[in-house]
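J.: Line order of the protein sequences matches chains A and B.
According to the working numbering, the stretch in the first sequence is residues 1 to 494, in order.
According to the working numbering, the stretch in the second sequence is residues 495 to 662, in order.
There could be a bad hint or two in this list.
Coverage of chain B stretches by chain A, computed from C-beta distances (three or more under 8 angstroms per stretch; other residues unrestricted) [to be verified]:
| no. | segment |
| --- | --- |
| 1 | 509-521 |
| 2 | 592-605 |
| 3 | 624-635 |
Computed list of chain B residues with no C-beta within reach of chain A, every gap over 10 angstroms [what the hints assert, rightly or not]:
| no. | residue |
| --- | --- |
| 4 | Asp611 |
| 5 | Ala615 |
| 6 | Gly647 |
| 7 | Gly653 |
In case anyone wonders, no lab produced these hints; they're calculated from the structure.
Here a beta-carbon is modelled for each residue, glycine too, at the ideal position from N, C-alpha and C.
Chain residues, written in single-letter form:
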Amino acid sequence: MFRRILIANRGEIALRIVRTAREMGIECIAVFSEPDARALHTRMAHVAVPLGGRLPADTYLRIDKILDAARRFGAEAVHPGYGFLSENAKFARAVRDAGLVWIGPPPEAIEAMGDKVRSRRAMQKAGVRVVPGSLDSVEDAAAAKKEAAEIGYPIALKAAAGGGGKGIRVVRDAAQIASAFRTASGEAASAFGDGRLYLERFLESPRHVEIQVLFDRHGNGVHLGERECSIQRRHQKLLEECPSVVFDAATRERIGAVALQAARAVGYENAGTVELLHSKDEFFFLEMNTRLQVEHPVTEMVTGRDLVREQIRIAAGEELGFAQADVEWRGHAIEVRLNAEDPANGFLPSTGVVGNLRLPGGPGIRLDLGLYRGMEVGVDYDPLLAKLVAWAETRDLAIARMIRALQELDVGGVRTSAPAALAVLEDPRFRRGEFDTHFLETIDLSARHGGEDETVAAAAVIWRHRLAGRRALGTSPASQSSWLARSRAEGPRP
Amino acid sequence: VKYFVTVNGREHEVLLSERAGTLEVEVDGKPLDLRYEEVDELGQVVVLRDGRSYALSIEGDEARAAVTLAGHFHDVRLEDERERAAHAAERATDRASGDVLGVMPGVVVAILVKKGDAVEAGQPLLILSAMKMQNEIAAPASGTVADLHVVAGQAVAVGARLVTLTDS
Numbered sequence: 001m002f003r004r005i006l007i008a009n010r011g012e013i014a015l016r017i018v019r020t021a022r023e024m025g026i027e028c029i030a031v032f033s034e035p036d037a038r039a040l041h042t043r044m045a046h047v048a049v050p051l052g053g054r055l056p057a058d059t060y061l062r063i064d065k066i067l068d069a070a071r072r073f074g075a076e077a078v079h080p081g082y083g084f085l086s087e088n089a090k091f092a093r094a095v096r097d098a099g100l101v102w103i104g105p106p107p108e109a110i111e112a113m114g115d116k117v118r119s120r121r122a123m124q125k126a127g128v129r130v131v132p133g134s135l136d137s138v139e140d141a142a143a144a145k146k147e148a149a150e151i152g153y154p155i156a157l158k159a160a161a162g163g164g165g166k167g168i169r170v171v172r173d174a175a176q177i178a179s180a181f182r183t184a185s186g187e188a189a190s191a192f193g194d195g196r197l198y199l200e201r202f203l204e205s206p207r208h209v210e211i212q213v214l215f216d217r218h219g220n221g222v223h224l225g226e227r228e229c230s231i232q233r234r235h236q237k238l239l240e241e242c243p244s245v246v247f248d249a250a251t252r253e254r255i256g257a258v259a260l261q262a263a264r265a266v267g268y269e270n271a272g273t274v275e276l277l278h279s280k281d282e283f284f285f286l287e288m289n290t291r292l293q294v295e296h297p298v299t300e301m302v303t304g305r306d307l308v309r310e311q312i313r314i315a316a317g318e319e320l321g322f323a324q325a326d327v328e329w330r331g332h333a334i335e336v337r338l339n340a341e342d343p344a345n346g347f348l349p350s351t352g353v354v355g356n357l358r359l360p361g362g363p364g365i366r367l368d369l370g371l372y373r374g375m376e377v378g379v380d381y382d383p384l385l386a387k388l389v390a391w392a393e394t395r396d397l398a399i400a401r402m403i404r405a406l407q408e409l410d411v412g413g414v415r416t417s418a419p420a421a422l423a424v425l426e427d428p429r430f431r432r433g434e435f436d437t438h439f440l441e442t443i444d445l446s447a448r449h450g451g452e453d454e455t456v457a458a459a460a461v462i463w464r465h466r467l468a469g470r471r472a473l474g475t476s477p478a479s480q481s482s483w484l485a486r487s488r489a490e491g492p493r494p
Numbered sequence: 495v496k497y498f499v500t501v502n503g504r505e506h507e508v509l510l511s512e513r514a515g516t517l518e519v520e521v522d523g524k525p526l527d528l529r530y531e532e533v534d535e536l537g538q539v540v541v542l543r544d545g546r547s548y549a550l551s552i553e554g555d556e557a558r559a560a561v562t563l564a565g566h567f568h569d570v571r572l573e574d575e576r577e578r579a580a581h582a583a584e585r586a587t588d589r590a591s592g593d594v595l596g597v598m599p600g601v602v603v604a605i606l607v608k609k610g611d612a613v614e615a616g617q618p619l620l621i622l623s624a625m626k627m628q629n630e631i632a633a634p635a636s637g638t639v640a641d642l643h644v645v646a647g648q649a650v651a652v653g654a655r656l657v658t659l660t661d662s
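Pulled out of the complex, with its shape left as it was, chain B reads as follows (with noise of 0.2 angstroms):
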């Protein structure tokens, strides 16, 4: 099976067989001498590579892991070829719509914008307070407020709509 894997930005091509009940990996087209022990259901794993030994992390889902390797954080996105495509498509319809998405948890304090406002890049749109600190979120382009998702006192997830930008 072929796997698109994205390590901290850079994508890598992963080829998994199965031969004879043996994993075999390759990597960009080199294949790796490679020994991997899961320490526990929760995400220990022992790597043996070329004799080198690495105590890896490795927490997530299919789609994206957390991976640490002695301190270092890795984020790392995994998409098989059927994935990569439907995700091509979703990313087209993203680009489309101006929707400013959530970048942390928090409760909304206060909005700064109303329906139909013209603003500009950097204008800031909303105030976000989590853990104590309060952030504003600020417009990424010029744009005329089409929408507000959220209001005053709400509690927003990562990901989650606050603001619909249109094109002035």
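Looking at chain A on its own, in the form it has when it is part of the complex (with noise of 0.2 angstroms):
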């Protein structure tokens, strides 16, 4: 096993991988930028390397500088967590080229399924189904047009090299395409650098499910089941769940077999997942992502794997030491994803300081956070706090958790998607299963509130007296400056 490992990444993932890592017996590096120099991973690491920058792509992109880290402080392999390096086969060519090893998939596994328009042709190939689409990336908007018309509206425009929901648009009619593809070129380009699109037909009423499956060196695959992720907000994820009201044994059997074929597919080695769009009782292969997911702990609350752990067992040539038959699934687990964001607001950033923090505990709760008191959330990096997971012995009860969670949480300083979770819990219809990807647009999140008003309006009025009081005694401005001022008039001494 590895003594030394380095974390190529940041925020409540990178201090996840560590806390593994740790109980491994394991020593792990962290690198930081400039705004990341008090963050979590950096003070929970062993060894924390400073990379000198503020944006990502001076920072946490910059392969010579990580690797360089990982040279200087011995670092036997690398984790790259999910976002950032995770699925650049360049970064993880150049890991191993450097002698260390890269605790993820084969490069060219990375490549096969990290170009949206190869994989779809290879999972044609290898006899999974896809979404009816553009099997090559269109030139420009006129083409896009064109090809549109063909496969009838409403598409989507995606990202060739795309994921985490960037560099996507849904078009519902020619007029809306030149100004889609635009954008979402654009961030295609800005986020992959690769501003190539493909269009794909856009189901009605999809749900979003992936298959987690985990594949060692010595040519041993399983499947961990499914995970519901239909819960969505600008096409990224807001909630997900484990097990999918859709999954019975049977359909996991039978959708953890295609998932584990198309994984086959490419050669693939370590923890990956498949993604699937479901409409009408029907399975299409949406994308392979080939890395760690943000939503794995719900899937680790249900199995009760823990799947950093067999990623670096994987990564070190261990074999898997399971089988099929030896994944159970118990219970159930919801995981909440606190962005910095305004519901209220269309999901817009929220940026701010973290100045205030109530955290949630109890039976059946898991926090993975990157979030502390005198946190700066600006813009330059994912808006990703913290994740809050719920487990309890059925759905109905890991909902009830997840509630009583979410009234004890408080994030002060800015806004979080909290709310809109939930709002998402409490509907009766998510209650009974009956949701698709655009449930959360189906909610009117800025007309909620919780009917307690007269006792909101009261306090804060309260609290400005105090605010005012505090002020306006020995810590305000005023004083200050009167000391100040007669320190001066005393004059320099001689």
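Please dock the two separately framed chains into a single complex, following the hints provided.
T.: This is the structure in structure tokens:
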């Protein structure tokens, strides 16, 4: 087993990896940008190396700086987390060329699945169904318009090199295509360095489900069941659960086999996720994410297996050590992503300093976080602050537990997605399992309030009164400046 | 002292008076039996009202506070009578000008119009990038681009003036 690994990431996922590595007796090297000098992952690692710079392009995306840190501090392996360089085959190769172990799939598998156009081809060849659409990327808006007329509206424009909901636009008629092409392509170019787009039929009332797979180097592969990820805003997941209400044991076995087949087709190794669209009892291949997923904790809670531990063991060359028949699913888990954004205002990013923090706890609650009091939330990084996970024996109990935990939670100083998650969990349709990827759009998040306006109004007024009182006392700027003024009046001493 | 408190868009009148060192509070003319305790100076507050306990978090400043209660977020705007009069005057001038203001912090990726262009309502004016997402900022109404206040590559804050439109 490795003695020391480098974690090429930040935020909650970097800390998540540090935690498991520490439990395995492995030392962790964190890397950090200037704004992350006080971050939790910087503090909790054994060694922290400054990357010098602020923007991702100068820090967490700099292969040379990260490999230099790995060399200088004696890393034996590199874990990329998710996002940043995690699905960058060039980085995976550079890690291997530097004589280090890449904790992830082979670069060839990343390439085969990372290019959405290529992966759709590969899946069709392997006999896995894909959503109707263009197999090749389209040149420009005019070409997209022509292709769209053949596929039929509504269509989705998607980044060929994409993932994570970036570079995606839904177009309902030909008039919108030019503007959608421009923003999606621009977004794709800045996020992935590749502005190519392809088209896909936009399925009505689809559900987004995915299968977790694990492959070791010795040809053993298992799936760990599904995750339901249909609760999304702007094509980015907000709330995930395991199991999905549309899966029974037979479906899990059938779709699990499809996912294993898809992964085998590209020579997969380590942890990966096959994403599928479910529409009218049919499943279509969407994409394969060749990395750890943000929402992996729900699978961990239900299967009782630590996916980061499995990733590290597999990368170290160990055998999986368990078979498909050994995988069991117990109870139900829900994850809520706490993003710095304002649900009442179209989920626009929210920035500020986290001045106040009240974290939930108690039975069945897990919190994977990068959040701390005094943290500055800016616009340079992904808005994910923390992931709240609730486990219970049944779905109903898990929902009740998550609502309870969200009521305990308070993140002050920035707006978070928590109220939106609460609205979803309290909705009777969600409780009945009747929802698709458009569900969140059907809830009016601006109109919600708890019905305690009188108490809130009275408390806010008293709070303001106390605030004014405190400012009038010793700590106010006025008293400080009078002291300064007097010392200045006395003048410099000879 | 009388305050005008807007909670999630609904206005309430709150009367706060100090009598023999005790604060008394009335909301919309109704006296409340309310006990207020601050847990810390960071904004954790306990309110006891008619025997019920409310664990609130309050952050912000004199004009605007974010109040969280049992997971529910409340956008609270606070004004005393003097501030209310001043704000009413400001709002009147704002309406007269056609400034398109930044609704989120971000970086201007591209400007899609130039000075003097006629634009239609809903037409994209510029692209703003924030947290890796690109967003088109559209014209709220038809008009002519009178002025551009930002350039590509510039970082902008919430409420920053981006574009001025005039009626065509």
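J.: Decide, hint by hint, whether the structure agrees.
T.: Hints, one by one, checked against the model:
Check result for the segment 509-521 of chain B against chain A: holds, 4 residues qualifying (beta carbon to beta carbon below 8 angstroms, three or more required). Interface restraint, the segment 592-605 of chain B with chain A: holds (7 residues with C-beta to C-beta distance below 8 angstroms; minimum three). Beta-carbon proximity to chain A at under 8 angstroms applies to 7 residues in the segment 624-635 of chain B; the threshold of 3 is reached and the given coverage holds. Listed as outside the interface, Asp611(B) is consistent with that label: its C-beta sits roughly 16 angstroms from the nearest C-beta of chain A, beyond the 10 angstroms cut-off.
With a minimum CB-CB distance of about 14 angstroms to chain A, Ala615(B) clears the 10 angstroms threshold, and the non-interface call stands. Distance to chain A confirms Gly647(B) as a non-interface residue, since its nearest Cβ pair spans about 12 angstroms, more than 10 angstroms. No Cβ of chain A comes within 10 angstroms of the Cβ of Gly653(B); the nearest lies about 12 angstroms off, and the non-interface call holds.
Comparing the model with each earlier hint shows no violations; every hint is respected.
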